[in-house]
Each structure stands twice: as C-alpha cells, then as structure tokens.
Amino acid sequence: MKKLIYVLAIFLFATALVACKKDPVVETEVLDTTPPLFFGIADQVIDVGTAFNPLTGVTAIDDVDGNITDDIVVTGTYDVNTAGIYTINYAVEDAAGNDASGSMQLIVRIPPESELYITNGDFSEPLEGTWTHWAGEGGASSATIVDGVLEYDITAAGSQWYSNQFAQPNLTIPQGLGFTLEFKAKADAARPLRVKLENAQYVGYLDESVALTTEWQTFQIEFFVTAPTITNGKLIFGAGTMMALDSVVGALTTIYLDDVKFIEHEPVEDTEAPMIIGATDKTIGLAEPFNPLTGITVSDNMDVNINVDNIVVTGTVDNNTPGEYILTYTLSDASYNQTVVTRTITVINGVVPSTWLVVNGDFAEDQATPLAQPAETGWGWHGAATFTASISGGIATIDVKTLGTVPYGVQFYQQNRVIEQGRIYQVTFDAKADIARPIQVALEEGTSRRFDQIVDITTEWVTYTIIIDHILPGYTNGKFAFFMGLVGSTSVPTKIYLDNITVETIAAAVDTVAPVLTGVGDYNVMQNFAFDPLQNVNFFDTFDKDLTVDDIVVTGTVDTAVVGDYVLTYSLTDASNNTATYERTIHVLAPENMLDSTLVLVNADFSVDQSTPYAQPAMEGWGWHGAGTFTVDISNGIMTEVVTNVGTVPHGTQFYQQNLIVETEATYLVTFRAKVDLARSIRFSLEMGTSAKYFEIIDITTEWATYEIVFTVPEYGFNNAKFAFFVGLVEPDSPATTFYLDDITVDLVGYLVDTDAPMIFGTEDKAIEQGLEFDPLIGVTVFDVIDKSLTPASIVVTGTVDHMTPGY
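The sequence shown begins at 0 in numbering that gives the first Met the number 0 and counts up one residue at a time.
Please note that the accuracy of each hint is not assured.
Said to hold, decoys possible - Each computed DSS-like pair below joins lysine-lysine, with the alpha-carbon atoms no more than 25 angstroms apart: (1) Lys765 - Lys494; (2) Lys494 - Lys400; (3) Lys183 - Lys233; (4) Lys765 - Lys400; (5) Lys431 - Lys400; (6) Lys765 - Lys674; (7) Lys692 - Lys765.
None of these hints come from the bench; they were simulated from the model.
Hey, can you work out the whole structure from these sequences and the hints?
As structure tokens, then:
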C-alpha cells in the first residue's frame, strides 16, 4: 500500500511538471490599416500657354512606408493651350494596399490684354480666389454663382452704402490710361447699385450709382486714371443703404451680375483744359509769410505729368503793406489747353478772421436728422455704436446707448471746413453729461487725423477751450468732430450735451496744458512675475508731438519677489515745460490672493474627445475652420491638426474658442505644449470679435516643448474674445504638416485695482397693466469699466411684484 502511494505521488509530480511547461511564443503580425496622406494638392490658375506639371509640390507620405511620392498616379486630361477648367485626380497606394486619393482644379485663362482687368468676370469659375463678399455695419447678404451668373441676395441694407459689398481686390490701376467698366445687371425688384473703383485710402477712380430694373441692362462707365499706378485697387458693387441715387434706399432683393470687364480706350485727342484748385481769395496778416503756390493743386483729365510747378503766376504781394493784391495763375497741359485764374490777396494789420466756419454752432436751428455726408451746411452724425442725436431747444443732445469699440463709434461733426496753415485756432464749447466721462475733439483732413484732444466733461455745464497751433499745410476738406464712443478707459454710455461751439483765430497761443498720461492706474501683480512699469502706459500732448514714451520718468521700484505695496511716480514734461505727474501703487500679491481669471477655456487639456468643430461662436468647446485644407481630432488627451494645404493667409487654418471674457488692461500668461512634424511657425491671436488685439508668431519644433505667451489687453476689456491658433500661411514658406497641441493654461497675472461700482441702466419706474406678467430684468443692462463678465443675470433683485393686484 505504501509503495502504491509513492508511485501515485511521483505520477502527480510529473504531471505538474508537464503542466508547467511554457507554451511556445507566437508573434502576432501588426496590420497596416492607415492610408497615406497627400500634401500640396491645391487648385491652380495659369495663363494659356504656361507650362504645368501636376506633380510639382505634391507629395505622398505613409506612416509605414515613408515617402511614396514616386507611386502617385495622376489621371485626368488638361490642355494648357486651351482656356477652361480641368479636373486632375491623384491616387496612391502603400505596400499594405491602403489607398488615398485627391483632386484639384486647373484653371487655364486667356491672359489679359490690359494691366487693369477683371478675373472671372463671366462667373464661369468659383468665387473663391477671384471675388470677395463682405457684409457688416448692419448689412446682411450672400453671393453665389448660379448657371454662370452672380446672384447677390440682399437681406438687410445696413447703415452705409458699403454695408453689403461684392468686390474684386488687388487690381492694378495704371496711370495715364482711359477705361470703360462694362457689366450686365438686373434685380428682382428695381433698386440702385453703387459701383466704385477705389484705392486703399478709399479714394475713388470711379464712383457712380446705377438704377437696376427687373430686366437685364448693360452698363458702361468711363474714366481716366491720372493718379500714380497702384496694385491694390478694389472694384466694389455696394448694395447697402444711402445709395446716392435720388436718396433712394435699396430694396431688399436679389441682384444679378454678369460679364464684368474693363475695356482699355484707344488714345483720343485732349481738348479739355486743366484745373487749378485752391486759388481762392485769401486774407493774411501784416508780415505774414506768403507763397502764392502754397495750398494750390492742379489736375488734368489726361496729362498725368502736370503739376503746380507748371503754373505761371503774374502779379506780386507786398506782405508788409496793407492792401489788396491781384495774382493771375496760368496753366497749360501737354495738349496746350489753357486755364487762367485770378485771385485777390488781402493784407491786413490785425488778427486774420477764421476761415474755419462753424454752422449752427449755437444750435439755434433745430435738426432732427443728420445731414448726408459731406455735412457742410449743418451737423452730421453716425457711427458703429448705438446712439441717437438731436438738436432742439438750443442744445445738441447725444444719447449714447453703447460705446462701440473705437472713439469714433459715436461721431458728431461738420465737414469740408477750410483750414489754413500757420493759424492758431481757438475752439470753445459748452458741454456736460449725465455721467462724467471723456470725449474727444478731433480735426481731420478728409479721414486723416491732424489734431485731437481728450476732454473730461462733468455733470455740470462747463466752457472748454482748446488751442490748435496748425503748422501743417492747409486743406479744404477738414472734418471738425466730437467723438463720444470708446474714448480712453473710463467712457460710459450716457447722455452728452453740447452748446455754443465757436472757432476763431487768435494772435498768439501759449501752451499751458501738461501732457495727459493713461494706463497709470493702481495695479495688482502676481508675486515673482516680471512687471514693466511702462506696460500699457501712453500719453497725449496737444502741442508737443515730439514726445515719446521714453521721455516718461519713473521713480520708485517694484520687487515682485516680495509681497507688498510699491509706489511709483510718473512724470512727463513737454517742450513748454508743462509737467504731468501721476502716482500709482503696485500691489504684489501671492498667487493664492490673486483673482481668478475670467478668461476661461473649455477642455484646455483635451481630456474630452472631439472630432467635429463647434459651430460659431464656439463657446462650449473648440471650433475650427479656414480656407486651407486640414483636419482636427481631439483624442487621447492631444489635439492633432493635419494640414495638407496651408491656404494663402495665416488664418488659412484656425483652431479657437470664442466669446471669452478679458478684463480691462489685464495681463495674462498663456502656456501650452506643442510640436510639429516639420519645424515651422504658428500664430497665436487674441481678437475682439474679428479685430486682432494681440498676436504673436511662435517657432514650433519637432519635439514636445512648453511655450509661454504674455500679453496685456491694451484698452477696454471685452466679452467677445476669440482665442485662436493659426497654422496657415504664417510665413511665406510655411509648410503643410501636422500640428500637435496640449495642456493650455491661462493665468491672470496682473489686473487693475477696481474701485468703481458697476452701473445699472433701465431701472426707471414703470407702470404695467394688471394681469400682465412682469420680468424685472427686461430692458435692464449693466456696465462696468473693468469687469466684462457682468450681465443682467448678475443683478440681485429684491422685492416682488404681484401683477394680479394693483398697487405700488
């Protein structure tokens, strides 16, 4: 029995040994299922007869096989000698049989016969890259090509003629040639259409309105180019409001355009005499310097080389003897057409009367609507902000509802004022506001600023005096304006009142006004964060235009390593020895004592997967779009952006969040981790709506690295911030590649000391009908100089209204 037990034990032990023997290792083959990627496939435009290779700039990359460009198969036919649109197809397959395909359009065009020409004027090609469309300032419209015709659908007129514009930019407009702009047009409902060919300064070479009917018409507009050649001209078809055609506002309808082209003229005989502009009668003071050609300009319909030096002036002026002197100006063009102009120069002993006239400056004449531009015989007003204006009871009242984003968001003005060189003007006016705030008084030559001064008005009537020493050349298109939009950083929506506006020349002026510094409010800074005492500091001086920020003297120091309060003194002295002195306190706070940032990103660490972009405005996650070709995928804690075509602008690919909140003059530290497959630069952009407030170009390497960006909001805060990364054509040689992004953080490292309470508007007493429900926040708005996160929902309302029971 004992022997049997031993045998059984040996058997079990042997069985265990066999069972413990390792199975042989079988290697599992990793399957390649990822298709290759194409880079560089993009539509192209060439002239007839131009050589073309469909593989130029095109590559194919596979994650396993590497560069397989040599395996690309190109199909599709094209003829570079025949105008047309051709489709070219690309296909490639890796060693595992994964395939990829792509296509592009080759547009072969007949080369233009003139330097000024329209591309895609017959609308046989796509709009992209040839025409542009824009709607703003209240305008709304769309532009599409249907069966070779442009359909321009106007759904809101807006506040300006250009509130809807269909345009072709970057036109070469050559000097010394005549052209005819020809196009066909109609509309579903009769309406005017503004047509303008302009330069970058909005000066028009042609500017006309045409009357569209419901039937096709062919329009022809002739013009001759006397200005120097430019390469950034723009043809605009404007379909907003204020069409300048019998004061008719255009109907909301669909406009149709076709066959737009410029036709160059053959040379013709010139029979038109040149023009002498500015040779008007003039009064000067005794011993005042006088040059008979100062302020004089000339023009001619064809002679592009004519200039003021071609004028022959006869007669003399003795500026040391009072009296009247007659001068004769004679000018001939290249075709011997001649113009003769006479003018009288009066020399007086005393102060010369002002030629800068103010019409209805005492507001004795009521005015309920603004004069159309140019406002010459009264007052005009307009702007992108929300406001109303009226003149009644001897006072101008401007009720500002919203500030807009610039000082001239609210404008009240007169135009075509005659401003003379060498005059010292004294501007006086009475003003007050329901809430104290700054306004800006400005003088412009056309749209170019020549003088401005910020005036802090109070809640009481005060007479303000501004001295303007106008040493610049004179002009006849002066715009005298009061700007009441976003002026400085303390503007508020309120009612502003103006009266008794006068302008006169004075014999002499003494600069007694010190410079004004801005951006010197008390500030909180995070401990161990570098602080620049001139950060966001700026200044303004009425007379001394040679001052710079470097002239500001700062005394005192800030040790950001040590928590505490530090006092800085700023002083700036102008050329007349007027000194401005400001004192501010910089509070260095421990990180835990800093306020939380109101600029908060969603999914900044990419812990939540996302494969499709949020529709604009992207507020609950990330959005992306652009004219380039790219894909975005957020997975495994990383954002991966595969760019196969960078487009033509930095924002050809955009990755962003919108409607974020930034505070007034706040400083932010942004950090993120990133890398790219091919070393290149990207662009970080912070925008207010679509207006860039800060951007920085960052060089990204092929290895993961942490990057830092520090920026300060230069002015008012806003609640429509766009936080974006652009990976388009940031540099001229930016390559298509893959961009990886992770771990974005935003820290508030500096901000203004806020001692001003928010303001609540719209809480006036109200009577309601019994039985009608009452919402205490309807019509109520809030405003705060610094905190832009406040909304009506932030208001705490106490008390109740029983809408079923009459009472108070």
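Quick rundown of the hints versus the structure:
no.	hint	verdict
1	Lys765 - Lys494	21 angstroms, holds
2	Lys494 - Lys400	8 angstroms, holds
3	Lys183 - Lys233	19 angstroms, holds
4	Lys765 - Lys400	20 angstroms, holds
5	Lys431 - Lys400	16 angstroms, holds
6	Lys765 - Lys674	60 angstroms, violated
7	Lys692 - Lys765	41 angstroms, violated
Hints 6 and 7 from the list above are not met by this structure, while the remaining hints are.
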